[in-house]
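*Asks:* Each chain, letter by letter, is given below.
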Amino acid sequence: MGGYGDVQCIDENGIRLDGRTVGEIRPISIEVGVVPVADGSARMRWGLNDVIAAVYGPMEAHPRKIQRQDRAVLDVRYNMAPFSTTDRIRPGFNRRSREISKVTAEALESVVLTELYPRSKIRVEIEIICAEAGTRCAGITAASVALAHAGIPMSDMVVSVASGKVHDIVVCDLNKEEDNYGEADLPMGILPNSGELVFLQMDGDLSPEQFQEAWDYNMGAVSVIHEHMVAALKGGEA
Amino acid sequence: MKGRQVARPDNMSGDNTAGGPRDSQQAPLLVAPGEDLGDSGEYSAGHGVVAMNGRLRAVKQGRKNTQDGTVSVEPRRTAYVPRPSDLVIGYIEGCTSNIWFIDIGAPFNAILPMSLGPSKAEFGGIRKVLDIGDAILCRVQEVEENHSSVVTMKGMGLRAIRSGTVEEIDPHLLGRLIGRGGNNLRQLKEETECRLIAGDNGRVWIDGEVTGMVEARAKLNDLLMEAKVAEYGGVA
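Those protein sequence lines, which keep their order, are chains A and B.
First residue of the first sequence? That's 1 in our numbering, and the numbers climb one at a time after it.
First residue of the second sequence? That's 1001 in our numbering, and the numbers climb one at a time after it.
Bound-form chain A, shown alone (with noise of 0.2 angstroms):
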């Protein structure tokens, strides 16, 4: 969210730097069982993002402390490579990739179903290879395909997408240069069978108008990544 700046993100038909309409996603595709030594796991890319998600499990939770008697914990690990994008990024857990980490967990804990693997862990790994924009929902799906690959039984899988505001334009699906130079974002993570909300968060300002029609855009947007998602897993293509 850097402000306006020199960069103009749509030009007067409404088309965007990377030749979108405001309601296009970025070309997705999704791969499984790409970590063969994992119990699950899929590669995601959505655009220039690229990210694989790697699932262990469910094992004995250690340390013992972090063990929960009448259900599993899910160990989620946000992690972007040093070299995911053009300023190198330092390794390790950092304020951002621990805070990703953790809304990442509570999203998918609300459609695994815990309670079949009491004292369990199971260990969720999200690895940013290449990033662009919206890495977090990038993550948050290719997990939720990761966990049904490994077999882990879930309710229903998480779509997570993001809409923001551009130049006072409510655009779908954010690219680098709408996320640098945009006024707001709303990523979001959506159940697409009950369409049931598990994640939201917002960067920027957004109108209540403003806010309904991200919300439109994202909600619009869970289908088509949702038969993306469904199509890796039964190995077709969408």
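Incorrect hints may have been included.
Okay, the calculated bits of chain A under chain B, using three or more residues with CB under 8 angstroms as the criterion [unchecked claim]:
no.: 1; segment: 51 to 65
no.: 2; segment: 106 to 119
no.: 3; segment: 153 to 166
no.: 4; segment: 184 to 193
no.: 5; segment: 219 to 233
Worth flagging that the hints you see were computed from the coordinates, not collected in a lab.
Cβ coordinates follow ideal geometry from the N, Cα and C atoms, glycine included.
For this one, chain A is given, so just place chain B on it according to the hints.
*Replies:* Quick look at chain B alone, frame taken from chain A:
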């Protein structure tokens, strides 16, 4: 797969439908988690399915089965969850003075008390009987609600595995390895002249001449690959 005693030769009846040969001409109906599987009033929810708000929903990725008024999902991948009386192959992972801890491929290690071990052992000297890293053929005696399990080596055929090799396959594909009435496993044994024991936790003990074991391993891999291709329409 869970709870089925597929590994016991005396239990390989024709009605063991854990994953026997299927009609490969019929396209499998694959489902993803959250997918709607119909009205819960018409069918009851089986494995991998839950009833929510009057509808049946898949909770696992896999193949939809409808049988005897029950809709279930045969998962494509699944973790082994022990059930009492399962025959399993485990590895000794640790021990105290009178208990062994056994890795049976489940989320939690099982325990093997000295009293249920293969032979008499002195208190504090149980590593002389079974040492860390040893493979054993044992049976799950008890599983508690919190997933703790106890295994026993008291029983016919239960022993320490001192020869041969142990291969691992996905537990839900065991039925396909064994085949209807145990046909596939029997055929594999005859062709390779090896002793093969398939544990419910997906570990298969192969014992015999080296050439036979190599052949058995190759055939095991081929069979499983064919099974995956047949079940999932060419996607292994």
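*Asks:* With reference to the structure, classify each hint as holding or not holding.
*Replies:* Going through the hints against the structure:
Counting residues of the segment 51 to 65 of chain A whose beta carbon lies closer than 8 angstroms to any beta carbon of chain B gives 4, which meets the minimum of three for the stated coverage. Evaluation of the coverage hint for the segment 106 to 119 of chain A: fulfilled, as 5 residues show C-beta separations to chain B shorter than 8 angstroms, against a requirement of three. As drawn, the segment 153 to 166 of chain A meets chain B at 5 residues by the rule of a beta-carbon pair under 8 angstroms; at three or more, the given contact holds. Here the segment 184 to 193 of chain A counts 3 residues with a CB under 8 angstroms from a CB of chain B, which clears the bar of 3, and the coverage holds.
Counting residues of the segment 219 to 233 of chain A whose beta-carbon sits less than 8 angstroms from any beta-carbon of chain B gives 3, enough to reach three: the coverage restraint holds.
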